[in-house]
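*Asks:* Following the hints, position chains B and C against chain A.
Residue numbers (this note's numbering), protein chains in the order written: chain A, 1 to 198; chain B, 199 to 992; chain C, 993 to 1338.
If you are wondering where the hints come from, they were derived from the structure by calculation, not from laboratory data. Mixed in with the good hints there might be a few duds.
[Stated by the list, open to error] Covered by chain C, per the in silico footprint, the following chain B stretches (three or more residues, Cβ under 8 angstroms):
id : stretch
1  : 295-309
2  : 363-370
3  : 458-471
4  : 945-959
[As the list claims (entries may be wrong)] If the Cβ cut is set under 8 angstroms, some of the chain A residues that face chain B in the computed set are:
id : residue
5  : His30
6  : Ser44
7  : Phe87
8  : Lys94
9  : Arg188
10 : His191
11 : Leu192
12 : Val196
Where a beta carbon is used, it is the ideal one built from N, C-alpha and C, also for glycine.
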Amino acid sequence: MLKGVSMAIDAGETLALTGESGSGKSTLLHIAAGLESADAGRVSVDGLELSTLDDAQRANLRKGTIGIVFQQFNLIPSLTVSANIAFQARLAGKTNTPQTTELAERLGLSDHLNKYPEALSGGQQQRVAIARTLAARPKIVLADEPTGNLDEATAALVLTSMLDLVGETGATLIVATHSMRTAERLDRRVHLSGGVLA
Amino acid sequence: MTRTVLTALLALLSHWRRHRLQLLTCIGGLAIATALWSGVQAINAEARASYDAAASTLSEGQFDQLLPRANDTIALGTYVALRRNGWLVSPVIEGRLNGVRLIGLDPLTSPHGLSGVQLDEDVPLPDFLGGGAIFATREAAAQLDTELPVEVSPNLAPGIAVTDIGIAQDLLGQRGLTRLIVIETQPANRPRLSEIAPQLRLLPTQQTADLGEMTASFHLNLTAFGLLSFAVGIFIVHSTIGLAFEQRRAMIRTLRALGVSLRAVIVATVIEMVILAMFGATIGIALGYIIAAALLPDVAATLRGLYGADVTGTLQLRADWWLSGFAIAFAGTAVAATGKLWQIASMPILAGGRAQAWAVRTCRARGLQVLAAALLLVGALLLAQFGTGLVAGFTMLGCMLLGAAMALPAFLDSAVRFLEARSQAVKPQWFWADTRQQIPALSLALMALLLAIAANIGVSTMVSSFRVTFIGFLDQRLAPELYVFVEEAEASSAVEAALVANADEVLPLYARRENVEGQLVEIEGIRVGRTYRDNWRFVAAESNVWEQLQRGKAVIANEQFARRVDLWVGDRVQLAGEPRRLAGIVSDYGNPMGQITLGEGFYNALYAEDRALRFGARTADPAALQNMVQSTTGLPDSAFVDQREIRSFSIEVFDRTFTVTGALNILTLTIAAFAMLTSLLTLAELRLPQLAPAWALGLTRRELSRLEMLRTLALAAMVCVLALPLGLALAWVLLNIINVEAFGWRLPMFLFPWDYARLSVLALISAFLATLWPAVRLLRIAPNMLLKVFANES
Amino acid sequence: MKASLLLFVLFFPNLVLAQGFAGMGTDAQGFSVPERGKVFSFPADHGPHPDFRIEWWYLTANLTDEAGDIYGLQWTLFRSALEPTEREGWQSPQIWFAHAAVTTPENHWSTERFARGGIGQAGVTAEPFQAWIDEWHLMGPNFDELELRAFGPDFGYEMRLAAEGPLVFQGDRGYSVKSASGQASYYYSQPFFKIRGTLKLPTGNVAVSGDAWLDREWSSQPLADNQLGWDWFSLSFNSGEKMMGFQLREVGGTSFTAATWITREGETQAYLDGAFAAVPLETTDVEGRSIPTRWRVTLPDKDVDVTVSAINKDAWMNVSIPYWEGPVGISGSRTGSGYLEMTGYE
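So that you can see chain A by itself, here it is in the shape it has in the complex (with noise of 0.2 angstroms):
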């Protein structure tokens, strides 16, 4: 799918990956969180090559260095809104409530921390997949069509935040995207077509 796809990343730079439905935006950031393989090529995330990793050091380097969000959100559906925000960093060993608690507040969530997933709208269910990422502080957030599933005004709200706080952790953010306005937020933009940079 990807063909001699070459780049490097700042830390804490931000990155907008666009292109097309089928661009090869998704495998691209599967990849780099350790989720799918290269046929071929080198990745490596603040030095360590992922293709020499196997599937318990990967899965440690998503528990706490890479944190990814989802289009579908892919929270929990049987934890409660609290418990889904503090899982990562519980897993991380990362737990701060304090910090939980903020991120909550922050992202509007703070009426909704005992009810479960399925009770809240596709917005506030997206903030909370983005305050269970950054409750484990990791040190690269992918986020993939992380608004997609969102109306317009709910995208641009959620993006913000998510922006605010990933700038305050000095984080370094990549954000597969297809739409211009979103890729227009972020520091530097990157376009795929067809498999290859543009």
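*Replies:* Relative to the frame of chain A, chains B and C by itself:
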């Protein structure tokens, strides 16, 4: 690692908190499978222990016994006189003490194991002999209320206490002996009983030996049920655990994406499964205990029927069956979970998040299943053709049942496809297409139903065929209206003369035991006549068999003997040093011994010293005949037996033997219904996306729920259609292979269409009950739940 | 039957036929103890002594039929007491048991019986002499003229015995010492029986005749704690002289031996520990145990240096308390025939 596993485990477990009904069905499924298995095991264990205890304590059926002729006790002098004349007998004193049956034995002369008390390091002989100890079960010990030391011995039959004969004498205040047990091997030459102790009569073991065979077949019956319940149980466990996995496939994907390694996922899942299995097994064993306790009175009734003895079967918590309960719960869970874990491990992290995906099995997997089914069925055929022995028989049974179960989804699929193709209107077409989509999801539950129905058809056909055959056999064998038993050879001719003078036909029966072809067999001499010609049915015979028998030289053998020594009509059997032609094979149900029947003249020529000790007499008025014979010969009442008595006793014993079968029938069906209920309930949630469009297109919820019920009933009906031939095949195997291997006779198979119709209706009712709840839930579902399907769609 | 009766051993530790004699009380717990210098009184002493723990009437015979084939025969009645007393009825503490056997070079048949005292099923009376259990008996008007019979499921015998010599007293006038620490029994024999009668074997009846040897022994403490078992020889030489010798095998490979030399006229000469010796020359695997079936037996004082060989190496008494007992042939400095009994082999 530990933190990750714990966090993942909590996430997995949170699923159950949100889906309590699923938790209930999952644990319920495990529990019910365990319950059925451990319940049957418990009954088996208890029955085995009970009749071992009963047999060993009571000795009835094991040994010949000497009893006083009059209602009296046996003097010590008589015992000593018998011993000093080479009669190896062992004395028993018996009586009631505080409601407990107290049995006094002489451990020096009693056969080993008779007492049910193992004399070993735990019970040294002096305790028994001189120490005054009494051995009893816990309950009987409490009841005895004696100052003598009472040792608790769980191997004894309930309500029985065993002690040394000297102590029993004192406790019961009785000097005389109640009966004498005749030891199996006796010294070579000893005088006749009538010369030493004419006041005693010999109660031969053969009168009760038949019951041993009944017991064995009762046992086989239970074992078959145990195996079938095991199969059904494994199916249920497999299906519930499988569902639990499928429902959380998306969660597992999320967990992995969030950084839980595959290994951690697996460890967390295994821990979860162990917790579930623990709960399920514990509840199941408790349920099994209840089932067993509820059925045990029937078993006790059976044993009372078999032994005519006090067996108040109380259930004990025996390690072997509750451990086996845990074993099946864990084994079933492990088998089910291993497959699912393997799938998770071999799949890409992000694949297959949607739960419905599991229902659509790949063509390859289905092809493999059909192939496996075909292999199993071919294996069954080969085993039927070439296998020998009981193990091969049971293996064949297993192959056949499993093969049929695995072929079920393909069978249902084709059947539904056929119906779909025949449907013109849109609604039926949608109905069948939708049904077909559901088959994979329901297949395990439907397989369980198939096995349950087939088992019921098979076992009830076997039992009913046995009953029909047995009653027919009794009718032919018990043709004479009156039987007379003579204890002394000297009295034989007088009795015969009295009978001949008064009866329509007299049938003297000569009998002795000889070694023939390496087997201890009973040799019988009979007077060939109208009764035998009219009533005896041959398995195989030459046309002029009775003439040959009458002329001498030729003999008849029973089926057991013929099969054991592998001889058949026309072959020759070595008897009294010469080969004799085998002219007929006769069926002889329930007799453990081989038997060879000769004509009276030939018998007398070979064994001139024998006299007939049994007579059958044909008469219109048995009572009058008995009076006339008694007035001339002075025989006691006990020498006469009315045919009707034997017949009704035999049938009663038979029916008691199989009482428990009926209860188990209902139980297996209930459990199959439960399996269906769990599958349907789980499916209901997953099926909303499929039902919503139909609803949107104008089908009301009432219609939808009615169609759901109809669908389940249609599938159950198709399962019934397949279960009938499978059940009949099962019955055929039980009657023609298992029975022959186990007991040495082949039973003819009878069909009971009425029973099958009743069973099918029962199966449909249980399917209906299983579908009731899901259907009502669908009826009451809020429209916005259906609407949400569209809202969530992406 | 067998399993439960094996426990006889546990229960009757004084049953010296058992292997493993540990725990055997050397104190007599109310039982009488043999004393040196007892004056025997007959016929009373042919009868039972219920105040002693253990007692036996032990008969062995070497027989031949008309064709010259050789046979061995054994008949033994044991008495074992739980208490040093006798009571009427089932409450009796006396237990009787008996062994019978017939041995040929190819076959060995054995059987056993059990009975309680006090009820008449088994017992011994001195005058007239009657020893019986069930239909088996050894009886006659006196101790010199006896009738013998026993039956098993597949063999039996009916014999007549006539004594052609006097009773012989073993050890010191019938006080037979069994260990260095002084355990002893009362022990006398009638080795001069001529025997004749019929063996009932599966192959048919066989008329036989020959010599029989009857041992009478009773005690309450026959073995010492360190003794494992014994090898007992009764040898009849063709010269007409006879010899009884035994060794009690001790822990550590040593043994305690004793012997009695018996002349044609029945005069005796007793030998104390060390004079008599028996050394195994060949062992046979019998029922999973290694049993010596050929021995070198020596009593230098009487010029005895002979090889004693089992007629049938498999003469295993497969009874509740199993042991080896069978006829033997003698070759070497003297020739003849006899009987060998070996107990305590694991």
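*Asks:* Compare the structure with each hint and give your call.
*Replies:* Here's how the hints hold up against the structure:
no.	hint	in the structure
1	295-309	holds (count 5)
2	363-370	holds (count 3)
3	458-471	violated (count 0)
4	945-959	violated (count 0)
5	His30	holds, 7 angstroms
6	Ser44	violated, 18 angstroms
7	Phe87	holds, 7 angstroms
8	Lys94	violated, 11 angstroms
9	Arg188	violated, 26 angstroms
10	His191	violated, 24 angstroms
11	Leu192	violated, 19 angstroms
12	Val196	violated, 23 angstroms
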